[in-house]
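Novice: If you read the sequences in order, they're chains B and A. Mapping the first sequence onto the numbering used here, position 75 (from 1) lands on 75, and the numbers just tick up by one. Mapping the second sequence onto the numbering used here, position 71 (from 1) lands on 71, and the numbers just tick up by one.
Since the hints were made in silico from the structure, they are not lab data. Heads up, a few of these hints could be off.
Identical chains share a label here; the pair holds if one copy fits it or two copies do between them.
In silico lysine to aspartate or glutamate, EDC-like type, Cα no more than 20 Å apart, as pairs [stated by the list, open to error]: (1) 613 with 327; (2) 345 with 111; (3) 613 with 328; (4) 613 with 633; (5) 345 with 110; (6) 380 with 226; (7) 236 with 462; (8) 380 with 343; (9) 113 with 226; (10) 236 with 44; (11) 565 with 549; (12) 565 with 633; (13) 613 with 593; (14) 380 with 125; (15) 613 with 568; (16) 113 with 44; (17) 546 with 210; (18) 535 with 503; (19) 535 with 693; (20) 535 with 210; (21) 345 with 443; (22) 113 with 560.
2 protein chains.
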Amino acid sequence: MSTPHSLSSLFSPRSIALVGASDDPTRIGGRPLRYLRASGYAGEVFPINPNRDSVQGMPAYASIASLPQVPDVALLAVPAAATIESIRACADRGVGAAIVFSAGFAETSEEGKVMQQEITSIARESGMRVLGPNCLGVFNAQTGYYGTFSAIFDSAFVQPGPLAIVSQSGAYGSHLAHLARERGLGISHWVTTGNECDVDVAEALDWIVEQPQVKVVMAYAEGVRDGQRFLAALDKARRNQVAIVFMKVGRSQVGAQAVSSHTAALAGSDAVFDAVLRQYGVYRARTTAEQLDIAYAASRASSVSGNRLGIFTLSGGFGIQMADDAEDAGLAVTAMPASAQDELKRLLPYASPNNPVDATAQALTDLPLMSQFIRAMLDKGGYDLFAAILGSGPASPTFADSLRQAMAEATLDSPDCLKCLTLSAPAEIVRSYEAQGFLVYQDGSALINALGALVRFRAHFDQVGQTDPLPAAVPQLSIPQRAMSEHEAKSLLARAGIPFPAECLIAADQDPGAAARQLGFPLVMKISSADLPHKTEVGGVRLHLKDEDEVRQAMARMLESVRVKAPDAQIEGVTLAPMIGGGVETIVGVFSDPTMGPVVMFGLGGVYVEVLKDVTFRVAPFDQQEALRMIREIRGFAMLEGVRGAPPADIDALAQLLAQLSHFAAAHAGQFDSIDLNPVVVLPRGEGVLALDALIVPATLTA
Amino acid sequence: MSTPHSLSSLFSPRSIALVGASDDPTRIGGRPLRYLRASGYAGEVFPINPNRDSVQGMPAYASIASLPQVPDVALLAVPAAATIESIRACADRGVGAAIVFSAGFAETSEEGKVMQQEITSIARESGMRVLGPNCLGVFNAQTGYYGTFSAIFDSAFVQPGPLAIVSQSGAYGSHLAHLARERGLGISHWVTTGNECDVDVAEALDWIVEQPQVKVVMAYAEGVRDGQRFLAALDKARRNQVAIVFMKVGRSQVGAQAVSSHTAALAGSDAVFDAVLRQYGVYRARTTAEQLDIAYAASRASSVSGNRLGIFTLSGGFGIQMADDAEDAGLAVTAMPASAQDELKRLLPYASPNNPVDATAQALTDLPLMSQFIRAMLDKGGYDLFAAILGSGPASPTFADSLRQAMAEATLDSPDCLKCLTLSAPAEIVRSYEAQGFLVYQDGSALINALGALVRFRAHFDQVGQTDPLPAAVPQLSIPQRAMSEHEAKSLLARAGIPFPAECLIAADQDPGAAARQLGFPLVMKISSADLPHKTEVGGVRLHLKDEDEVRQAMARMLESVRVKAPDAQIEGVTLAPMIGGGVETIVGVFSDPTMGPVVMFGLGGVYVEVLKDVTFRVAPFDQQEALRMIREIRGFAMLEGVRGAPPADIDALAQLLAQLSHFAAAHAGQFDSIDLNPVVVLPRGEGVLALDALIVPATLTA
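Only chain B is shown next, with the shape it has when bound in the complex (with noise of 0.2 Å):
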């Protein structure tokens, strides 16, 4: 085993071999080469066919054996049955990194999945880094190099900018890549892993963030094979401040069956990948449109400073479609203060000068007019987000020079203010509103989502060094790789901070009398027994218990009836805790999911689980900010903060308790396979939070 080289050969060769280069520039081994030639790739570029001199008027060579010098990347577009014996060759040279175009491998059969690990193999021994196979490669638009044959590059190159694309899907990557040049949007790194035999997406991922001239990501996946990659490739994103819009397919059951027989990725839960994205501040895009406009927004958008917004409009209608819009993407549409108010309808006494501010089609007629609405607007609003509904008339035969001419004047001097526009007309129109540093959209609601994704971009990019120090320290313990008790269980986790009542576990032969006195009434009992884990169905739990002689004759009963239903289970005794009245029921859990780790589970009690499905996750560990936001998000919120006259509860200590748990479940990542604190009791605001039970079921009982 070698170290493996770092991807900058992958993405940014110097020299460049391809094996199978063809005099057909529409062919596979045609096309990337007619592509290196015509980008202004500066270079080497090495056709390599035993059975030509030249390919496409360049010297050919017979191997890479033969090849002068040993190039940096290696684009392999040779069938799959050669396609082992060429890696080989390149991982013998010192080859930096190999493409592999060709399909045929795990996604197709037995004997192809073989073939992929044989690669693999090769990649691992020799450290170098292998992309696909059955993928369409890479781009790099700054130095053209165009690493790939798809098709799209036939009818232009892509302009380099601030927006990088990370597909597992080539045909997918390919048509963001398409729609993103249509856009005019530049692209800095493009590339598509295919079957991710060795360089997956996570990888790729992270090594595209840490460009600086990346502001913004879109990412296609149908699952990942290294979570923890993945999650660092995240973590280093929002470092960075990069945005990643993500296209994550499979959340549907058919779309899952449908994963799993295509490229054979790990998918996991969904739910897990979709709560990953939320934690990380990733924006999941339901379409692919959806995924442009954010894109688009991502890589014009200057920063952002804060979520008011100022609605400029020629007409009621949009303003206020604009207006809901904004409310649902979490924006605020503040209204224009009042003296500003009564000055613009002194200018126009039919408009309406709140906000959404509406100068009435009359604006069009009098554009000074319409420059002293807006000038007031972003001198006086207090605007983070400005955007004007424009409609057709930027693409008016009559006035769309003096309109655009207006609106350039109107914004000049306002440049901490983000500005946007609504309009339709022809692409060469909106260019030119976007030289001018208009971010520009036809769907007004595209616009104002893609706005609510900004706004949300910088919150979780300020999230950063924010992180506050743990309420305790986690100590490395051992959990016993066998069945627990539920008192064993809670000892266990009370160590790693968890709060529970006060408990004693009181064995057969004892009597309980002390230690009720001592614990206070009522009382709860329960069967302790690692055996047991359903108590109720033997007779193992009692409440209510009022004095000693019900706690004494409770336990006899207990006992003889555990004996007589479950003769075999072994009994510790039976536990003793106070009765814990008040406060809300919750559910908290860890489950450790195959791809992303330990996973925290949150949801309200009862009928909220189990019929409103009103649960929440985070990958482990996370601090106690990230835990309030998690509790925020479920649907019953509102009970926590207390409904039908009951106080508050008491959500930091439950914060905490998540925060304190979710450390401890990755400290001992692989040593269980879920903890259920089921339930847990939030008590009114300073009075904390109880387990009242824990379950924890180790690796070893489930693998």
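Chain B is fixed; fit chain A onto it per the hints.
Specialist: Just chain A now, kept in the frame of chain B:
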């Protein structure tokens, strides 16, 4: 008052007068004349301008009075101040309809409001119909009648087609027409209603959905004035199988404020409006782009036979994405039969033959293979809907023509399946596929969402005529216009068929023993008084009374407690009723919406309503089938199906209660402000449903 004229003179005039006709073809008074002359309108056009002999080369008239004949419609391109005089002249001459373009009426000032009321009065007295003021008018593409000054016809007119547009906002209506034209959609009628001093969106809709060429309507409103007319129009649309795609704005708080400051429409509650659209099968679009996407499908699709969708793709990723969307849209992505899958596997071992059927990029280089795949899907898949994902292939310079031909041949013999494509290509290529009968979208999610809408439109059309008879006739009663005790409210509603537990009213000086014995124990006792809607607070409710003695004691204490705590209340006595155990608690209510009339509300009891606002609405009356759809709409519906081992609840009986109550409410509209049944206990299936409390607030008490 005269009988109002039909809207035919407004929408299909044989002759048109243009008051304020201008020689300048870019002015409000010039555009309509220019349009009418260029569009091929075959009727008479009379420009009116007292200062000129001719306008745009046509002879001009001095006034309406001096016209050689009475025009069907008069377009008024005069300032607000001159409008009333013109309107009166039109009415005096017997003109059928007038369109008022000018702004400056109710949306502007009190003075404007008075002027607008004057127009309304003239319309009501004369029977002449008035559209506007503050509107952009009407067009009818079939006849070339452009009674509008909208600037979007500067570039081109509109082809006739099955789409109609009804918009309160002129600017929004123009924008929709512009987008539809760009999308290649033909439009039959277009109307913008503005301030709606006479003709409103509801009446325009009502007229338009009767036109035989109209299959789909895009509508826009901020609110409706006449709820009953609106409901009647939606009902007619459904009966005529006309799909309506509605943009209703003002759902947010800021948006609703902006509505009220805009055209001053009676906004009503957005939640009720939303429920009305759902009830009548209208699609409420969230964005303008979505509105277009749905209208496009409804315009172009023939008929939809079911919801089974076959997906053909050349790239796994796109297929998975589409399958995800299909599940969200309620479509069934059913698998290909096993034998057909085997056949496809033999044709191409790399293929995924299930559904989505993935023929891989291979199929693009082997079009006969692609045809075989598609034909197998259409012949053997049993699909109602077929979607093929073609990407940018159709725009390829090398194989665009052969691909289009292959697609046409492959799909020729399956007329019953609706065939759709996603592709990225210039408009002329899109049109060529459309000409072959395909629906064409760029975005797959937009396509699938639209197909889901078509399936739901179909389902709603099919519901017409399936209404079931009422379970019991609703007698015409009279709701007393004074406060009523719970007992009196129950008695009234029981006569209307609402089921309550048996209940006895015991006068204060009577002994409750005999009644208690007859009812059986345990019992619930409540104070009976029209003056005490909140009984618990005065000690007026006692539960779990186990025998006669308890009942007697409870009655004495209750009467004493109430005498102390509410000395002024008039006491009828107490009621006794059996305690009802088990079942699921729900809440049923009716309130009188200012626009839509009586609206029935349904939700689960307790925290579901208070925390989750998990309630739904229907306008009264409706039948049991509609009630079942209403019940299934709430998020917590699973509670009624039985959770935690509880038996399924008697949903049919609940639906019967809702339908019965809705008919009672409709028959007594105007007599009450609200009716509350809280709780309504739904017993296990077969055991019925019981309302445990009733409160009626008569209309006069809140008016």
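Novice: Determine for every hint whether it applies to the structure shown.
Specialist: So, going through the hints one by one against the coordinates:
no.: 1; hint: 613 with 327; result: between (26 Å within a copy, 18 Å between copies)
no.: 2; hint: 345 with 111; result: between (77 Å within a copy, 16 Å between copies)
no.: 3; hint: 613 with 328; result: between (23 Å within a copy, 17 Å between copies)
no.: 4; hint: 613 with 633; result: both (13 Å within a copy, 16 Å between copies)
no.: 5; hint: 345 with 110; result: between (75 Å within a copy, 15 Å between copies)
no.: 6; hint: 380 with 226; result: neither (51 Å within a copy, 40 Å between copies)
no.: 7; hint: 236 with 462; result: within (14 Å within a copy, 55 Å between copies)
no.: 8; hint: 380 with 343; result: within (11 Å within a copy, 70 Å between copies)
no.: 9; hint: 113 with 226; result: within (19 Å within a copy, 67 Å between copies)
no.: 10; hint: 236 with 44; result: neither (33 Å within a copy, 72 Å between copies)
no.: 11; hint: 565 with 549; result: neither (24 Å within a copy, 43 Å between copies)
no.: 12; hint: 565 with 633; result: neither (43 Å within a copy, 44 Å between copies)
no.: 13; hint: 613 with 593; result: within (18 Å within a copy, 33 Å between copies)
no.: 14; hint: 380 with 125; result: neither (65 Å within a copy, 49 Å between copies)
no.: 15; hint: 613 with 568; result: neither (36 Å within a copy, 49 Å between copies)
no.: 16; hint: 113 with 44; result: neither (34 Å within a copy, 78 Å between copies)
no.: 17; hint: 546 with 210; result: neither (64 Å within a copy, 76 Å between copies)
no.: 18; hint: 535 with 503; result: within (17 Å within a copy, 43 Å between copies)
no.: 19; hint: 535 with 693; result: within (11 Å within a copy, 40 Å between copies)
no.: 20; hint: 535 with 210; result: neither (53 Å within a copy, 68 Å between copies)
no.: 21; hint: 345 with 443; result: neither (29 Å within a copy, 43 Å between copies)
no.: 22; hint: 113 with 560; result: neither (59 Å within a copy, 86 Å between copies)
The structure fails to meet hints 6, 10, 11, 12, 14, 15, 16, 17, 20, 21 and 22 from the earlier list, while all remaining hints are met.
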